[in-house]
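J.: Protein chains in written order, with my numbering: chain A, 23 to 421; chain B, 23 to 421.
Treat the hints as calculated values from the structure; they're not laboratory data. Any given hint could turn out to be false.
No copy labels: a pair is met if it fits in one copy or bridges any two.
[Said to hold, decoys possible] Dumping the calculated DSS-like pairs for lysine-lysine here, alpha-carbon to alpha-carbon at most 25 Å:
hint: 1; residue 1: K158; residue 2: K288
hint: 2; residue 1: K288; residue 2: K52
hint: 3; residue 1: K139; residue 2: K171
hint: 4; residue 1: K410; residue 2: K171
hint: 5; residue 1: K288; residue 2: K265
hint: 6; residue 1: K158; residue 2: K52
hint: 7; residue 1: K139; residue 2: K378
hint: 8; residue 1: K242; residue 2: K52
hint: 9; residue 1: K97; residue 2: K242
Values in this document were obtained by computation on a predicted structure and should not be read as measured data.
2 protein chains.
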Amino acid sequence: MSASIPTDSVGLVTPQSYHFDEPLDLRSGKVLDAYDLTVETYGTLNGEKSNAILVCHALSGDHHAAGYHSATDKKPGWWDACIGPGKAIDTDLFFVVSLNNLGGCAGSTGPASINPKTETFYGPDFPVVTVRDWVKSQFRLMDRLGIEKWAAVIGGSLGGMQVLRWAISYPQRLGHAISIAAAPKLSAQNIAFNEVARHSIISDPNFHAGHYLQNNTYPKQGLMLARMVGHITYLSDSAMRAKFGKTVTDFEATGTNFGRDLRTGKLSFGLNVDFQVESYLHYQGERFSENFDANTYLLMTKALDYFDPSVDYEGNLAHAFANSSCKFLLISFSTDWRFPPERSREIVNALLKAGKEVSYLEIEADQGHDAFLLPVPRYIRALTTYLKRVHQELAAHAS
Amino acid sequence: MSASIPTDSVGLVTPQSYHFDEPLDLRSGKVLDAYDLTVETYGTLNGEKSNAILVCHALSGDHHAAGYHSATDKKPGWWDACIGPGKAIDTDLFFVVSLNNLGGCAGSTGPASINPKTETFYGPDFPVVTVRDWVKSQFRLMDRLGIEKWAAVIGGSLGGMQVLRWAISYPQRLGHAISIAAAPKLSAQNIAFNEVARHSIISDPNFHAGHYLQNNTYPKQGLMLARMVGHITYLSDSAMRAKFGKTVTDFEATGTNFGRDLRTGKLSFGLNVDFQVESYLHYQGERFSENFDANTYLLMTKALDYFDPSVDYEGNLAHAFANSSCKFLLISFSTDWRFPPERSREIVNALLKAGKEVSYLEIEADQGHDAFLLPVPRYIRALTTYLKRVHQELAAHAS
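The following block holds chain A by itself, in its conformation from the complex (with noise of 0.2 Å):
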């Protein structure tokens, strides 16, 4: 291990590639004939096969969740936060599968993939996929490794729905259902930001109706856009300020210039950037653009708008957990305005309502949506404690 990298890492990782030849019948109607996921693991299978835990990644996650693909890369994967050896997601005690899901784009079939039939990238072509399917393809990949029960299976955001599909789709393949920062269903709020990434991205005249790729080209300006707006509901306003600069909630609490960090220090009187926000979203714009396959962010977006596990139980929620028997952890954050903390509660007393057990913790802290991947001191050690005793409980089981 390079000398870079950090001792409570899992260190040096390498993704490896499932094929899988049976079809997958979507949610949609139509039919994946074969695919591949992409899958990373930290952490070793125990005897029993029991210790495994499934991460659920996010809109803009994959499966590099924790550790690095090089000595030389500056960033750890997504989750590194959480997933190590002595971390919350303790590699010393757990397995940890993590897999890009299907229509993504680092790796898992995906629009960027090529489609066998046609021998060209799917592009638009790609099915919509939906929780419920993710959830379908990550129980095959469950299959493959031979596992029969996920100690847990643990996610954030789009994870957090994952995470609820599966306590409603493998009730009993499952110990135990950690959500986090999730919702039970986007809001009309949600779906309207949504909609805005996904407009922007389509109406971009380089996005050629998804076809970009055969065009030598991408909807570099759209996504870009997309990513601005989504970054925005991600941090929270006071993160926001902490960032950028106070605002005068006690304007006694004087200096010059607050809540504004120029910087030339003078105004532009023009459109050029003025404040350091401005410039900081152009960044993560100009960043994620580069990186993410523009048609996958357009499926992630409709997975989100569509997920509704009560749909089926005719909109009661409790209903749809009524086979449920695996134990609940729900963590909030204070300031996220993406999925508040009431969000969580709509889906605790769902699980409440139908005598399910669920723990249930609000964490106070500033950052926002984002916080779910961040080293919140009261976070970690509440996910700490819990998977310490669902390790416990494996041990008693066991012996």
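Place chain B on chain A using the hints.
T.: Below, chain B alone, put in the same frame as chain A:
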């Protein structure tokens, strides 16, 4: 008056144009040699010229605040809920002046006007105007109308910022400053949303660096996206829920398919519109993009970003108000997340600190930032009562 025009309307109105020859020194250092302001007035100026109220408009507003331009108009002016005979801003008592701000696109000189020097559209060469510049131009209009002192200056959102600037720039020239749903300056999140709007316009290939009119086109998609984003921030999450279907805060408030009001009853499993909120946003964006000048939109968002009257007082807002001699009424709305109540309280605190006479009212209203335009009963009653008192003061003063 047409039978279709309600009896509590100011009725048919005709805008007037005022030409100003005296060069206007702008905050940016640039100079506008001459300009026109388009103005509507409602009610009658009394002999003492003491009953005039100036109405300041917000980002997408203009001079047409009340009444109808023709008997076949489907909609009245943007603040018809508040302005008219017997209404809160009672045109039986007051002479109401409403203008299109400089840089606007509804008649006053702006980017879509012809620059006499070049004999073509100003376009992107129209100088960036600030709230301070607007107030300066409104001051000249006041002079032209022979008004010595406004009984009140009133406005919501960006209009409320002009009200604050009046109290600072021309402290002797207004009796009451009524600032509704405003903020002492933008938050980083506010600026971020504005930057998304600007970026969507500027990155539209039809923008042509602002010279779209010469190219016989306009950045329709960019403006549409800008308006879609803006519109989301004007509505509260709860207002959207009310408009487009409920979300289950109480999950027992059952009913099938709640929270999603599908157009077709079925999901499209494609990129079509699935939810009413999507088609609503498209409609709002489309309508706006066909009626608003993109360069004006850019200018208006910069005026918002730049607004911070404390900047000349080392960040001390109380000091900015030191010379103000008017009375203040601040109003905010509980679900406004663009300029939430705490932003109005910052202004109130600064005014109290400066020893000014200030009333503050926080209105419980579901409609978010948009509430200031709507006939929210408690809001209307409060404004009505306050302005009746203003009129009594005038009468007492005159007698």
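J.: Hint by hint, where does the structure go against what was stated? Just the numbers, ascending.
T.: 3, 7, 8
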